[in-house]
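Asks: Sequence:
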Amino acid sequence: VFAGLPLFTALPTLMKSDWKIILFTPLPLLVIALISVLLTYKKIGKYTPKGARAYLHLKGLEEFIKRVKEDEIRRRLDKDPLFLDKLLPYAILFGVTKHWLNFYKAFAVTPLWYDGDIDQLDGIHRDLHSLSTLSASDTGGPSGGGSFSGGGGGGGGGGSW
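Using the numbering used here, you'd call the opening residue of the sequence shown number 1 and step up by one each time.
Rather than coming from a laboratory, the hints here were simulated on the basis of the structure.
Nothing false has been slipped in among the hints.
DSS-like, lysine-lysine: derived pairs with alpha carbons at most 30 Å apart: (1) K79 / K98; (2) K59 / K86; (3) K50 / K66; (4) K59 / K69; (5) K105 / K59.
Construct the complete structure from the given sequences, taking the supplied hints into account.
Replies: Below you can see the structure in the form of structure tokens.
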């Protein structure tokens, strides 16, 4: 919005100018791009049919993971002993890790991927939470490699001539 303000204020000046100046400014290209995006969005919608099915499936899975009761977990564990392990990544995704890890304790199930005391699963929840907080706050990319120019100058791509 604010980027268009200088262009909007300069528009009367451009109107008095030669038509070639107006034609070759970025404004017509931006308008064409905006119209193209809006028409494409209107045609395909927010999701493709496959994407809409996947979205609805994930929303249903999220609801299930958040509301499931112990008797349902017990029934599913009888059918598939790895049930808790299979849905744990989704519980992490939906932010209900602690709730899901409590089922491990309630049924005295030790995850295949975990070697330790079942009572220490709370530590895993804290570790996963701190890991997700860390990854969410990490906005910088990797630094560049060292340069061979001038004998190398370390990380950041810097070298001296």
